[in-house]
Amino acid sequence: MRQRLEEALRAANADYTEIRVEQVDSSWVHFKGRELDSVGSAKTSGGIVRALVRGGWGYAAFNDLDGLDNRVRQACESARLVGGVEQSRLAEVSPVVDRVSVALDEDFRHVPLSEKKTVIEEYNEIILGYHDKIETSHVAYSDRFRKVWFANSEGTFIEDERPDASLVLSATARDGDNVQQGFETVAGKAGFVIARGHHQKARAAARRAVDLLSAPPVAGGKYTVVINPKLAGVFAHEAFGHLSESDFLYENDRMKEIMVLGKRLGSDKLSIVDDGSIDGLRGTQKYDDEGVPTRKNELIKDGILVGRLHSRETAAKMGEHPTGNARAVGYRYEPIVRMTNTYIDSGDTPFEDMIRDIDLGLYALDMVGGQTAMEMFTFSAAYGYMIRNGEIAELVRDVVLTGNVFETMMHIDLVGDTLVFPPAGGGCGKGGQSPLPVGLGGPHVRILDVVVGGR
Amino acid sequence: MLAHRLIDKALKTAQGAQATVQRAESTKVSFENDKLKFVKSTQRTTINVKVVVNGKIGSSHTSDECDADGVVARALEAAAFGSPAHFEFPGPSDGRPVRVYDEAVLGVTREAMVQIGREMMTVVKDYNPDILVSAGINKGVRQTEFANSSGAAYQTQSTSFGVGVHGQWVRGTDILLAGHAFGWKKRDVDYGAIADRAVALFRMAQDTASIETGTFPVIFSPEALEVLVLALRLGFNGKSVFLGASPLAEKLGQKIADARFSLTDDPLIDYASRSSRWDAEGVPRQVTPLIENGVVKNFLYDLDTAGRAGTRTTGHGVGCSPTNLVVKTGDTSWQDMVADTKTGLVVYDVLGLGQGNPISGEFSVNLQLAYKIEDGRIVGRVKDVMLAGNTYDALNNIVAVGDQAEWAGDSLLAPPIQISDLNVVAR
Chain A
1 MRQRLEEALR AANADYTEIR VEQVDSSWVH FKGRELDSVG SAKTSGGIVR
51 ALVRGGWGYA AFNDLDGLDN RVRQACESAR LVGGVEQSRL AEVSPVVDRV
101 SVALDEDFRH VPLSEKKTVI EEYNEIILGY HDKIETSHVA YSDRFRKVWF
151 ANSEGTFIED ERPDASLVLS ATARDGDNVQ QGFETVAGKA GFVIARGHHQ
201 KARAAARRAV DLLSAPPVAG GKYTVVINPK LAGVFAHEAF GHLSESDFLY
251 ENDRMKEIMV LGKRLGSDKL SIVDDGSIDG LRGTQKYDDE GVPTRKNELI
301 KDGILVGRLH SRETAAKMGE HPTGNARAVG YRYEPIVRMT NTYIDSGDTP
351 FEDMIRDIDL GLYALDMVGG QTAMEMFTFS AAYGYMIRNG EIAELVRDVV
401 LTGNVFETMM HIDLVGDTLV FPPAGGGCGK GGQSPLPVGL GGPHVRILDV
451 VVGGR
Chain B
1 MLAHRLIDKA LKTAQGAQAT VQRAESTKVS FENDKLKFVK STQRTTINVK
51 VVVNGKIGSS HTSDECDADG VVARALEAAA FGSPAHFEFP GPSDGRPVRV
101 YDEAVLGVTR EAMVQIGREM MTVVKDYNPD ILVSAGINKG VRQTEFANSS
151 GAAYQTQSTS FGVGVHGQWV RGTDILLAGH AFGWKKRDVD YGAIADRAVA
201 LFRMAQDTAS IETGTFPVIF SPEALEVLVL ALRLGFNGKS VFLGASPLAE
251 KLGQKIADAR FSLTDDPLID YASRSSRWDA EGVPRQVTPL IENGVVKNFL
301 YDLDTAGRAG TRTTGHGVGC SPTNLVVKTG DTSWQDMVAD TKTGLVVYDV
351 LGLGQGNPIS GEFSVNLQLA YKIEDGRIVG RVKDVMLAGN TYDALNNIVA
401 VGDQAEWAGD SLLAPPIQIS DLNVVAR
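Protein chains in written order, with our numbering: chain A, 1 to 455; chain B, 1 to 427.
Next comes chain A alone, as it looks inside the complex (with noise of 0.2 angstroms):
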């Protein structure tokens, strides 16, 4: 493949040129309700070429992996369509030449579809017999095995294996028109290993959905808020994440007065880091689609902004330093700037000393979803407690937080001391690439009147 790709490179006429291979090996078992609903595997390969010509980028992206010199003109010609006035160039890195290889335990890719058929099953069943209000269930395992080539003009090529695999646990539950959703979800850059062993989270899954049968919505209002490590992670991701993927800003200038280094953006309990290099996260890879090695980032430090997230073209236009956080979701895709595994740093607070003196109050946890448009934020709990006299209450529903992140960062009053990177399925879209595989984490965190969307 080294040599195919070297020779391809020599068909560009452009002043940068990469060309990403990909072959991916997939399967999937999904249970909905009593019958499998789909079960199988699959082969796919492809790739994608980008050339700079005269600060300009040519994309083409392809299947059919023959004919590969004349994707690499297409790319250029494109490049120079775009070319002229000196707009885009990259940041120097060394050039890289490294072979990456997972070793994993129970390797999914010689597990027999009919194991894990098995296995899942199991987990589909617990869910199924939990309680006659269970109405339907969605089971879901599924696994992707990424064997990626890159090789660019600049004389990087790297071989690189990346795993992911994931299990979402959904149970219905069902009352007169009353419909209600509890899950679990596992995922990791593991080995079929990681789906064994959750009947527990089944029963967790089924058993919440019919406790939200009975559990009122949430009273829209302004609440301190105290959100699980969970939730804490997709804040630090969502709600301020996105804002330093430098794309955003590099060439914004009223984005980057808003996001200067240095600046307090958040109270002196906070600090947020973005670390693509810890051992066994989803978002976890050597290098990232760019071949540059990923590390780690601190974003804000006590409060204040120290740092962001670059690709090369970033790094250069902001006389910065690339952070290894170009990436690509697939062969089709351009490496964009992308967060890795993103988290709220650990403070000194145990959870007993957040509630304590809250006499009303919500306890938010996990999530069924976030999105954030610059500095305006939803996500969604996927459940809460209240908080009653410094206790936790009852049960509540439909819980939506909102807020400006620049308020809501400087009202977090309290950070817990215990740091976890929850296993968190799913995955971040952004640019039209969805879902990249990312990792989230956080300890509990409390935050001072926030708005939360009910009825």
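If you are wondering where the hints come from, they were derived from the structure by calculation, not from laboratory data.
Even glycine gets a Cβ: it sits at the ideal position worked out from N, Cα and C.
Just to be clear, a hint being listed does not mean it is correct.
Said to hold, decoys possible - Pairs of lysine-lysine, PhoX-like flavour, derived with a Cα cap of 20 angstroms:
#, chain 1, residue 1, chain 2, residue 2
1, B, Lys56, A, Lys117
2, A, Lys301, A, Lys263
3, A, Lys133, A, Lys201
4, B, Lys125, B, Lys35
5, B, Lys186, B, Lys255
6, B, Lys255, A, Lys317
7, A, Lys43, A, Lys117
8, B, Lys35, A, Lys256
9, B, Lys56, B, Lys12
Unchecked claim - Counterexamples of contact, computed for chain A against chain B with all Cβ distances above 10 angstroms:
#, residue
10, Val39
11, Asp64
12, Leu365
Chain A is already provided as a structure; the job is to place chain B on it using the hints.
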């Protein structure tokens, strides 16, 4: 045809088989932050095989035309313990022709696409040079081969063309995002009008207005009507109905909405983005009324789900999802709808749709682009406001239905609809 070869291979072991081969080429021109950023071409090959062996289904896919043996073998492997098939592969059927191919799309050069982008950007920049503008222009062509073991076989070609322009206007710490986009299968897209629409949204947002927490009438523009329609997309899915996950499961023939609300799934609109003559299982597409004058008429089914539910497919394979949704127009002009509102909101875009428990109809969204109406006039943009409610309650609280429908996104054709008494939570 490759599709026939795949079926022949599969039938050595399987009793039934279906194969689809798609080959597509597309081009995308992207402007970011006021500048032409990239031109991208994409070549795609997708090959899907479904088999039935001893009454059980197996499927697989590949991107490699040389992987015919592999894709069939994987489908057969999965069928060994797959889910039971509740259907027979359908025989040949002509269906009703619908226009999905426009030769004119093929002739659009990359240079012409760049020019369209520049013109749209200029419209927005002429209005306000401080707005940072992005734009996208896409075109595509796709060939599909389909065949099954019951003798159904077809080949179709379709095109696509779409444009969009979006802007970001930062004032202090206030960031306003607005824009407009449209795509279908025809070259004929009025990109000037799309840019004008984007400018109109910015113009209305020049002033900021505030609203207090409470209940207010809310007008959903066609673009925002998805807030209400999302639950219906999920709720009319025959699989959710069969599994009991849809709140509509036992509501066939019942009135669930105001009599002025009618909703139809129509895959036979010429050039609409979700139109096609056959579905992915070779079943002819048809027009399916979902809600007529507030009454639930039909759900959407594919072959297997219909078999399980004891009904017939509606041509929504695979997955029972809607194609183009059409909401019937009413009799109130946009002007009257606004003029008759004392205090209320007009919503264009929201954040956080689909989070939570969307199939239940519950929504709780952040108003990303919405305006306040005072005494019959739009007075400015509202910020940091959430809107919460339930689709099924809202559809019984309709104040007015607009008299003109527009494409919103590319698969919903709808008029604006005003709902009374929705919960608004302000900061």
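The hints, checked one at a time:
no.: 1; hint: B:Lys56 - A:Lys117; in the structure: 14 angstroms, holds
no.: 2; hint: A:Lys301 - A:Lys263; in the structure: 11 angstroms, holds
no.: 3; hint: A:Lys133 - A:Lys201; in the structure: 18 angstroms, holds
no.: 4; hint: B:Lys125 - B:Lys35; in the structure: 12 angstroms, holds
no.: 5; hint: B:Lys186 - B:Lys255; in the structure: 37 angstroms, violated
no.: 6; hint: B:Lys255 - A:Lys317; in the structure: 59 angstroms, violated
no.: 7; hint: A:Lys43 - A:Lys117; in the structure: 19 angstroms, holds
no.: 8; hint: B:Lys35 - A:Lys256; in the structure: 18 angstroms, holds
no.: 9; hint: B:Lys56 - B:Lys12; in the structure: 16 angstroms, holds
no.: 10; hint: Val39; in the structure: 5 angstroms, violated
no.: 11; hint: Asp64; in the structure: 6 angstroms, violated
no.: 12; hint: Leu365; in the structure: 13 angstroms, holds
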